[in-house]
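Build the full structure now, drawing on both the sequences and the hints.
Going down the list, the sequences are from chains A and B. Numbered per my numbering, the first sequence spans residues 2 to 211. Numbered per my numbering, the second sequence spans residues 2 to 211.
Keep in mind the hints are simulated off the structure, nothing from the lab. Just so it is clear, the structure is predicted and the values come from calculations on it, not from any experiment. Every residue, glycine too, gets a C-beta built ideally from N, C-alpha and C. It is possible that some hints are incorrect.
[What the hints assert, rightly or not] Computed from the model, here is a short list of chain B residues facing chain A with C-beta under 7 Å: (1) E99; (2) R124; (3) V128.
[Unchecked claim] Beta-carbon label-pair distances, calculated as ranges: (4) B/R60 to A/R84: 16 to 26 Å; (5) B/S105 to A/P27: 42 to 52 Å; (6) B/E34 to A/R60: 47 to 57 Å; (7) B/R4 to A/G122: 38 to 48 Å; (8) B/R124 to A/E123: 25 to 35 Å; (9) B/G41 to A/L53: 21 to 31 Å; (10) A/R81 to B/R84: 39 to 49 Å; (11) A/A156 to B/R4: 32 to 42 Å; (12) A/W125 to B/T129: 23 to 33 Å; (13) A/R28 to B/A144: 46 to 56 Å; (14) B/P153 to A/G55: 32 to 42 Å; (15) A/R124 to B/G126: 24 to 34 Å; (16) B/E82 to A/P27: 39 to 49 Å; (17) B/A45 to A/R155: 25 to 35 Å.
[To be verified] So, partial list: chain B residues that the calculated Cβ filter (under 8 Å) puts toward chain A: (18) L16; (19) Q39; (20) E123; (21) W125; (22) A171; (23) K189; (24) Q206.
There are 2 protein chains.
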Amino acid sequence: MYRKVSDSTVRRLSLYLRILEDVEDPRGTVSSEDLADQAGTTAAQVRKDLSLFGSFGKRGLGYLVPELSGRLRQILGLDREWRVALVGAGRIGAALFEYPGFRSRGFEIVAVLDHDPAKIGERWGNVTIEDVAHMEEVFAETATQILIMAVPARAVQELVDRAVAAGVRAVLNFAPAQVKVSQDVALKDVNVVMELEALSFTLSQGREGR
Amino acid sequence: MYRKVSDSTVRRLSLYLRILEDVEDPRGTVSSEDLADQAGTTAAQVRKDLSLFGSFGKRGLGYLVPELSGRLRQILGLDREWRVALVGAGRIGAALFEYPGFRSRGFEIVAVLDHDPAKIGERWGNVTIEDVAHMEEVFAETATQILIMAVPARAVQELVDRAVAAGVRAVLNFAPAQVKVSQDVALKDVNVVMELEALSFTLSQGREGR
DNA sequence: AGGTGTGAACACTTTCACAGCA
DNA sequence: TGCTGTGAAAGTGTTCACACCT
Chain A
2 MYRKVSDSTV RRLSLYLRIL EDVEDPRGTV SSEDLADQAG TTAAQVRKDL SLFGSFGKRG
62 LGYLVPELSG RLRQILGLDR EWRVALVGAG RIGAALFEYP GFRSRGFEIV AVLDHDPAKI
122 GERWGNVTIE DVAHMEEVFA ETATQILIMA VPARAVQELV DRAVAAGVRA VLNFAPAQVK
182 VSQDVALKDV NVVMELEALS FTLSQGREGR
Chain B
2 MYRKVSDSTV RRLSLYLRIL EDVEDPRGTV SSEDLADQAG TTAAQVRKDL SLFGSFGKRG
62 LGYLVPELSG RLRQILGLDR EWRVALVGAG RIGAALFEYP GFRSRGFEIV AVLDHDPAKI
122 GERWGNVTIE DVAHMEEVFA ETATQILIMA VPARAVQELV DRAVAAGVRA VLNFAPAQVK
182 VSQDVALKDV NVVMELEALS FTLSQGREGR
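Put into structure tokens, the structure is as follows:
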């Protein structure tokens with residue numbers, strides 16, 4: 002639909018939405034400068050980002066908060082529910098499952114899978130932990146669209162390959178491994194150790210990081 | 002020490018190191034192309050990244066694995082131990098505390114703090130959960146260098162301000178809030194919802210993400 | 001021959017500056 | 001007047017291509 006939207010732009014769009022959601026006056030307006038201040042960027046950047054998707058500001062006034070947040074939700078695809086499967090019911094999987102921020106954004110965890118016989122059958126909230134061996138059936142039954150991988154590094158590539166073969170087109174990977182997927186699959190990595198290493202680098206070297 | 006090293010370069014350096022650590026022949030050599038394949042980048046990129054820090058490859062041969070990994074560890078500041086304090090002993094804090102990948106990289110969690118009287122005094126491994134009210138003393142006693150914030154969004158700014166005033170110069174923030182710090186403090190955010198939103202965007206729009 | 005190190009070309013992102021609309 | 005939307009300029013990061021070393 003839209004072409005050439007950079008990763009950093011998408012990140013900022015999420016941020017703008019979060020800012021709009023707890024602005025003082027939810028019926029009022031915000032200027033690009035207001036948003037920029039809160040987001041830690043520049044007014045020009047905000048306008049450039051938004052202008053990629055049309056022009057929905059009022060000159061001399063700014064942006065109407067309800068209109069802009071609605072538009073951002075639509076752009077980000079948050080005007081619907083996403084069906085998410087969590088693979089890996091260990092410590093990280095549990096913390097993710099409990100995190101309330103997903104559901105409130107429309108990300109519904111509809112399945113939890115694990116490999117460990119001791120965990121299979123256990124009930125978490127309103128889902129039962131399934132055997133990862135039956136991944137394909139579970140994804141079909143639950144109409145899974147997004148995969149969260151919280152398994153050990155050595156297991157992740159094979160499981161992702163199976164999930165992709167079963168039709169999943171978006172993966173959020175917590176395993177510290179470089180997963181290879183074809184171009185038509187969206188993949189994001191979350192790697193806390195890498196973030197710490199970036200801090201370590203900045204502390205060790207001159208001060209230019211952020 | 003080194004100037005103008007981009008964020009993406011630092012990220013890749015971490016990745017190169019991880020790749021080197023589980024290369025088949027730990028006494029052998031790797032070429033920039035080998036590394037690039039594993040890291041999902043190009044050989045030229047690998048050479049550019051490394052050349053920022055000197056030239057330690059052998060023409061016609063590649064890089065000696067032990068030498069390069071040692072050098073990368075040094076560049077990233079991983080040739081020492083970092084003393085980390087964890088603020089927030091909730092679900093996310095607990096998952097982070099248990100994660101073995103930190104210690105193996107030299108990040109030692111030397112203090113855990115929380116606000117909840119029910120948790121204060123509890124023992125996690127070899128640390129006792131302290132009252133966040135005593136943050137300054139705890140940081141001084143433990144010589145904390147890096148802060149991990151796993152607290153609710155509303156609490157994070159004030160706590161980071163206090164930590165910075167107490168001398169901390171690096172913060173890894175898990176709270177979904179935009180924390181403001183002065184230029185000389187390194188700050189990284191980990192925001193899983195934002196990553197999911199980026200996936201949602203890619204799924205909703207045309208296929209150009211990754 | 002094989003593979004590094006690097007200037008130059010290219011691509012992408014951010015900032016500037018201002019025309020134009022409410 | 002106030003603030004958006006946007007071409008053009010500046011800045012940054014990536015890729016190319018090749019000289020050079022082993």
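In this structure, is the beta-carbon distance linking B/S105 and A/P27 contained in 42 to 52 Å?
holds (46 Å)
Could one say that the CB atoms of A/R124 and B/G126 fall in the range 24 to 34 Å?
holds (29 Å)
Are B/R124 and A/E123 spaced within 25 to 35 Å by their CB atoms?
Hint holds: Cβ distance 27 Å, inside 25 to 35 Å.
Using the beta carbons of B/R60 and A/R84, state whether their distance is inside 16 to 26 Å or not.
With a Cβ separation near 53 Å, B/R60 and A/R84 fall outside 16 to 26 Å, so the hint is violated.
Measuring from beta carbon to beta carbon, are A/W125 and B/T129 in 23 to 33 Å?
holds (30 Å)
Is it true that B/G41 and A/L53 lie within 21 to 31 Å of each other by Cβ?
About 26 Å separates the Cβ atoms of B/G41 and A/L53, which means 21 to 31 Å holds.
Could you say whether the range 38 to 48 Å given as a hint is met by the Cβ separation of B/R4 and A/G122?
violated (56 Å)
Cβ distance range 25 to 35 Å for B/A45 and A/R155, holds or violated
holds (30 Å)
Holds or violated: B/A171 as interface residue toward chain A, Cβ cutoff 8 Å?
Holds - the Cβ of B/A171 comes within 8 Å of chain A, reaching about 4 Å at its closest.
Honestly, do B/P153 and A/G55 meet the 32 to 42 Å range at C-beta?
At roughly 35 Å between Cβ atoms, A/G55 and B/P153 fall inside 32 to 42 Å, so the hint holds.
Residue hint B/L16, partner chain A, criterion CB-CB below 8 Å
holds (7 Å)
Using Cβ atoms only, decide whether B/R124 comes closer than 7 Å to chain A, and label the hint accordingly.
violated (18 Å)
Violated hints, in rising order: 2, 3, 4, 7, 20 and 21; the structure is consistent with all others.
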